[in-house]
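K.L.:
Just so we're aligned, residue 1 is where the sequence shown starts under the numbering used here, counting upward by one.
Careful, some of the hints might be misleading.
[Unchecked claim] No more than 25 Å apart at the CA atoms, straight line, and that leaves these computed lysine-lysine pairs for DSS-like:
(1) 41 with 71
(2) 25 with 11
(3) 41 with 25
(4) 11 with 41
(5) 20 with 71
(6) 11 with 71
(7) 71 with 25
To be clear, the hints were calculated from the coordinates, so they are not data collected in a lab.
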Amino acid sequence: INEYYEERGWKILDFVDVEKSLAAKLTDDDIGAILVCIDAKNILERLNLTHCFNVIGHGLEPLRNSTTLTKIDMGLSRRCESPELFEEALISEDAVFPILHDILSGEGNSFW
Numbered sequence: 001i002n003e004y005y006e007e008r009g010w011k012i013l014d015f016v017d018v019e020k021s022l023a024a025k026l027t028d029d030d031i032g033a034i035l036v037c038i039d040a041k042n043i044l045e046r047l048n049l050t051h052c053f054n055v056i057g058h059g060l061e062p063l064r065n066s067t068t069l070t071k072i073d074m075g076l077s078r079r080c081e082s083p084e085l086f087e088e089a090l091i092s093e094d095a096v097f098p099i100l101h102d103i104l105s106g107e108g109n110s111f112w
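Model the full assembly from the supplied sequences, consistent with the hints where possible.
P.N.:
This is how it looks when you write it as structure tokens:
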């Protein structure tokens with residue numbers, strides 16, 4: 001997986017590529033550390049938190065004011081999976097919204 005992502009410059013980070021049982025154990029600290037390690041604020045264009053049920057949202061802090069992010073998928077499930085299977089997800093609007101607001105309102109963001 002590392003070679004796959006490094007070859008593409010870490011523009012896309014999709015946790016569907018991680019075994020479901022491992023992705024489900026990842027915490028905000030884990031996600032935050034990964035985002036810092038790959039310099040996501042300046043490089044990442046797309047983030048998919050597939051199966052990251054243990055993430056509340058503050059681990060996305062390293063993305064605050066990103067000008068490269070164009071898509072973030074916090075749906076947690078794959079397209080063919082029923083979302084009802086993941087009712088125990090911890091994602092919090094209160095944690096995520098301020099970060100997304102700063103990305104969207106930042107000068108030079110990639111969404112507009």
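K.L.:
Hint by hint, note whether the structure agrees.
P.N.:
Results for each hint:
{"no.": "1", "hint": "41 with 71", "verdict": "holds, 13 Å"}
{"no.": "2", "hint": "25 with 11", "verdict": "holds, 23 Å"}
{"no.": "3", "hint": "41 with 25", "verdict": "holds, 23 Å"}
{"no.": "4", "hint": "11 with 41", "verdict": "holds, 10 Å"}
{"no.": "5", "hint": "20 with 71", "verdict": "holds, 21 Å"}
{"no.": "6", "hint": "11 with 71", "verdict": "holds, 11 Å"}
{"no.": "7", "hint": "71 with 25", "verdict": "holds, 23 Å"}
In summary, the structure agrees with every hint in the numbered list given earlier.
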